Amino acid sequence: MRYLSLLFLLFVTAVFAYPSYSTAVKEKKIYPMGKKIYEHSCKTLNPKEYASYDALSKAISLTCKGLGKKYQEALGVYLWDSVHTHNGTAHLERLHVNESEKCPVCGMFLYKYPEWITKITYAGEKSYYFDGVKDMFKYYFSHKQGVKQILVQDYYTHKTLDATKAFFVSGSDVYGPMGRELIPFESLKAAKSFRLDHRGRDILRFETVTPRLIESLDASY
Amino acid sequence: MLRIDVKLFVYALHSLIRYKRKNIFIVTIFTLLVALLASFVLTQKTLYMYEKQKLLNMPDIVVQNQRGGVHFAISDADIDTLLEIYGVKYAQARVYGEYYFAAAKKRFFIEGFEPFGVVEQKFMQDALEKYTLDNTNLIVSRPLYELWKRFYYTDSFRFIRHDVKFMQLKIAGVVTPHRGYYRDFVWMSMENAQKIFGYGAHEFRDIALYLDNQNELINITAKLLEIYPNAKIITKEDMLHQLEKRFDYKGGFFVTLFLVTLFTFFMIVLEKLSGLSSPEKKEVGILKAVGWRVEDVLHVKLYEALVITGVSFAGGLVIAFVYVYGLDAPLLQSVFIQQKLDDLEVNIDGAMLLFIFLLSAPLYLGAVLYPSWRVATTDADEVMR
Numbered sequence: 000m001r002y003l004s005l006l007f008l009l010f011v012t013a014v015f016a017y018p019s020y021s022t023a024v025k026e027k028k029i030y031p032m033g034k035k036i037y038e039h040s041c042k043t044l045n046p047k048e049y050a051s052y053d054a055l056s057k058a059i060s061l062t063c064k065g066l067g068k069k070y071q072e073a074l075g076v077y078l079w080d081s082v083h084t085h086n087g088t089a090h091l092e093r094l095h096v097n098e099s100e101k102c103p104v105c106g107m108f109l110y111k112y113p114e115w116i117t118k119i120t121y122a123g124e125k126s127y128y129f130d131g132v133k134d135m136f137k138y139y140f141s142h143k144q145g146v147k148q149i150l151v152q153d154y155y156t157h158k159t160l161d162a163t164k165a166f167f168v169s170g171s172d173v174y175g176p177m178g179r180e181l182i183p184f185e186s187l188k189a190a191k192s193f194r195l196d197h198r199g200r201d202i203l204r205f206e207t208v209t210p211r212l213i214e215s216l217d218a219s220y
Numbered sequence: 000m001l002r003i004d005v006k007l008f009v010y011a012l013h014s015l016i017r018y019k020r021k022n023i024f025i026v027t028i029f030t031l032l033v034a035l036l037a038s039f040v041l042t043q044k045t046l047y048m049y050e051k052q053k054l055l056n057m058p059d060i061v062v063q064n065q066r067g068g069v070h071f072a073i074s075d076a077d078i079d080t081l082l083e084i085y086g087v088k089y090a091q092a093r094v095y096g097e098y099y100f101a102a103a104k105k106r107f108f109i110e111g112f113e114p115f116g117v118v119e120q121k122f123m124q125d126a127l128e129k130y131t132l133d134n135t136n137l138i139v140s141r142p143l144y145e146l147w148k149r150f151y152y153t154d155s156f157r158f159i160r161h162d163v164k165f166m167q168l169k170i171a172g173v174v175t176p177h178r179g180y181y182r183d184f185v186w187m188s189m190e191n192a193q194k195i196f197g198y199g200a201h202e203f204r205d206i207a208l209y210l211d212n213q214n215e216l217i218n219i220t221a222k223l224l225e226i227y228p229n230a231k232i233i234t235k236e237d238m239l240h241q242l243e244k245r246f247d248y249k250g251g252f253f254v255t256l257f258l259v260t261l262f263t264f265f266m267i268v269l270e271k272l273s274g275l276s277s278p279e280k281k282e283v284g285i286l287k288a289v290g291w292r293v294e295d296v297l298h299v300k301l302y303e304a305l306v307i308t309g310v311s312f313a314g315g316l317v318i319a320f321v322y323v324y325g326l327d328a329p330l331l332q333s334v335f336i337q338q339k340l341d342d343l344e345v346n347i348d349g350a351m352l353l354f355i356f357l358l359s360a361p362l363y364l365g366a367v368l369y370p371s372w373r374v375a376t377t378d379a380d381e382v383m384r
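Protein chains in written order, with numbering that gives the first Met the number 0: chain S, 0 to 220; chain A, 0 to 384.
Since the hints were derived computationally from the structure, they do not count as laboratory data. Every value quoted in this text rests on a predicted model; they were computed, and no experiment measured them. Even for Gly, the Cβ is constructed at its ideal location relative to N, Cα and C. Heads up, a few of these hints could be off.
[Stated by the list, open to error] Here chain A is said to cover these stretches of chain S; the calculated rule only asks that three of the stretch's residues, wherever they fall, bring their Cβ under 8 Å from a Cβ of chain A:
1) 24-34
2) 122-134
3) 146-160
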């Protein structure tokens, strides 16, 4: 009897278990689909009311009738993750510059290289934009006081990242507007994949970047 | 030196009117030549821009399955693996194709859409949000709808499926076609599109990929070949190059032929004008005797030639404009594209005008000026004799 109930429990959890999708698939496919379904057919559900994913899925299958199983699952994952998964930092705005903005280190116009823009904000709301991670570091090493926030863009998705949490790859064959660069990434996995594809050398974090390394990027061979 | 002597200019105008027949002949030929060249260049540029716009709306990479060198259906089993590749914004398995509407003897375009799926093009997003697609309905473009109404399909349309069964779908909405897309199209659910074209539940025509970072095109293509070793991979970059080559090639053909025509007319005009006619010789002789210098006579001849060139050039351009943008270039379009377009968009720039000018004016100016120069420099005494 006990084993039967155990089996039954296993079966039920298997049916409503939280599906194992990778982050990439979730972000690119499941969330947009779930969001559309939510806004279109099932706005009455409040994901915060449910303690477990199973309860949420059961509620979906009861209230949002007429949805296929695939769509119910997408909706469930979207709603569950929107409440319970913490992305860490809040969503950062995309970096934008106007046509007159220049990099304080090299003087180049920044609007021509939108994917390479980086930014340092100081206390007192003064911010500077740079055309790459290298110039940003050059400025940072001589102006370390009062830094509030440093932002960079992920190479693959151009998502705005906090530089202190990003991973940088040095020595790759991808050149920025100022020549050899440190290329920023959101995750270690992305950085490793890039390093393999583009013959990068080291993966660094914000703290491990030294002025010597930045100088070596400019050294002629 | 560049001062235009008004009196000489007025004399030049009168002189033009005096030899009406000859000048009208020259102006007509030149106007027609300019009109021909300008029509061609304008048509080429406009159609090129149109095709380019269509291409820009396409996905960055398209993966097609092949069997024995021939296109075959592709499965969507590996879509999740594609999404894992860094730099890929979205990957989508697509079903689309041509449907033959036998009653009207016309083909139109059908595309299937996954319910609640990601749609990349903005104008599609707007339409799909306005009218919800499901397995019972479709969205049709306005020109096609007007055609359907003529065959009494006002609320719904009946398709003949690949397995020779009927499928009737209600018309959920009518949309105006977008510049960068087909003119006659139908949008329906993916399932219905698969049934009409005979694809199975997990079979699709191709897989479209949209990239976040264009730098990664080569790397991503290499990774795609690992997943689909037998596939044919078409990139948007390739298609743009091919389009450019096609238009340049046809354009080049024309320019060569045109230059031959131009040179022929140059010879004809030169021949016609270099017969030193007696009235003209007498006129120059008299002017010289009265006290005109050679340079004054040459100025007059130059003004004449410039007026002829200016009037012809402007006239030719006007004719070309009317032909290409007013009448929509009836015969010229089929040189470049298969399906004719209505309503060509005005598309000019300075480079084109300069090109047309440089290709026609100097040669013509030369043809007109040379005999005039010959006449002007003959000795006064000789002439009077």
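Count residues of the segment 122-134 of chain S with a Cβ under 8 Å from any Cβ of chain A, then say if the count reaches three. With 0 residues close enough to chain A, the hint is violated.
Within the assertion that chain A covers the segment 146-160 of chain S, do at least three residues meet a Cβ-to-Cβ distance smaller than 8 Å? The restraint on the segment 146-160 of chain S holds, since 4 of its residues have a Cβ under 8 Å from chain A and three suffice.
Three residues minimum, CB to CB under 8 Å: does the segment 24-34 of chain S make the cut for coverage by chain A? Let me know. holds (count 5)
Checked against the numbered hints above, the structure breaks only hint 2 and satisfies the rest.
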